[in-house]
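A.B. asks: So the sequences go chain by chain: A and B.
Sequential numbering from 1 applies to the first sequence in our numbering.
Sequential numbering from 1 applies to the second sequence in our numbering.
Hints were generated in silico from the structure; no laboratory data involved.
Note that the structure is a prediction, hence the values are computed from the model and not measured.
Check before you lean on any hint, since a few could be wrong.
With a Cα cut of at most 30 Å, we get these calculated BS3-like pairs of lysine-lysine [unchecked claim]:
| hint | chain 1 | residue 1 | chain 2 | residue 2 |
| --- | --- | --- | --- | --- |
| 1 | A | Lys75 | A | Lys88 |
| 2 | A | Lys75 | B | Lys73 |
| 3 | A | Lys40 | A | Lys20 |
| 4 | A | Lys80 | B | Lys36 |
| 5 | B | Lys36 | B | Lys73 |
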Amino acid sequence: MNELAEPFAMSQPAVSRHLKVLERAGLISSGSDAQRRPRKLEARPLGEATAWLETYREYWEASFARLDDLLNELKATQSKRERAATRKR
Amino acid sequence: MFFPDSFEVSLPSDREIRVTRDFDARRGLVFDAFTKPELVRRWLLGPPGWTMPLCEIDLRVGGAYRYIWRSEKDGSQMAVGGVFREVTPPERLAASEAFDDAWYSGEALGTTEFLETRGITRTTITLLYESREARDTARRSGMEYGMAAGYDRLEALLPTLTGEPA
Numbered sequence: 001m002n003e004l005a006e007p008f009a010m011s012q013p014a015v016s017r018h019l020k021v022l023e024r025a026g027l028i029s030s031g032s033d034a035q036r037r038p039r040k041l042e043a044r045p046l047g048e049a050t051a052w053l054e055t056y057r058e059y060w061e062a063s064f065a066r067l068d069d070l071l072n073e074l075k076a077t078q079s080k081r082e083r084a085a086t087r088k089r
Numbered sequence: 001m002f003f004p005d006s007f008e009v010s011l012p013s014d015r016e017i018r019v020t021r022d023f024d025a026r027r028g029l030v031f032d033a034f035t036k037p038e039l040v041r042r043w044l045l046g047p048p049g050w051t052m053p054l055c056e057i058d059l060r061v062g063g064a065y066r067y068i069w070r071s072e073k074d075g076s077q078m079a080v081g082g083v084f085r086e087v088t089p090p091e092r093l094a095a096s097e098a099f100d101d102a103w104y105s106g107e108a109l110g111t112t113e114f115l116e117t118r119g120i121t122r123t124t125i126t127l128l129y130e131s132r133e134a135r136d137t138a139r140r141s142g143m144e145y146g147m148a149a150g151y152d153r154l155e156a157l158l159p160t161l162t163g164e165p166a
């Protein structure tokens, strides 16, 4: 705990609270020996969490690129119609 | 002009996912692109290799919508539907969202906001799930479809990488 808190400008109880949150989320686990409770980073759930977000991102990115094209097309049609209407008047 | 850099996916709380993007168009036009079936079908196509054979939208409070996507490769389907809770053109939409094969409990509430500044429309989609588990399960399942699509792309690419015919 002391070792983990050292690099941060944060009180030990605050670091302890953060560790509890991470442990509940399954992102770290704690071992124990006589004097220390070493924490281990659980990379698998962390990897899964970022993997689904990344694929979600890609899905929307591709959809929005198609939407950009569609909006451009709609704007072109709209201004063509407006120009035609102006000519008629 | 396009604004791909404005694109952002975030997790504002344990139960939410938020997607934000700017579009170079008046918000009336963006609102139409989100609510007119003939326009939605042009861009909301699902993962690569999927099409959208059904898109029905009854745009009024209490009205239903239903989307079906189909994989052209193996014919598998994905369907989602819900009911509009709020319809305020051209600024705000809210609707429930439930997938047919509900891998998660209950339905989500989707809110879409369109905010126009000098002809640019910032669009924010927020999905609120019943629990954090529901959110993560829903999106992880979606990801599996996406990953399968990703493998298809990789398969197409492999022959060009090894220099061997497919």
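A.B. asks: Which earlier hints turn out false for this structure, listed by number in ascending order?
C.D. replies: Violated hint (a single one): 2; every other hint is consistent with the structure.
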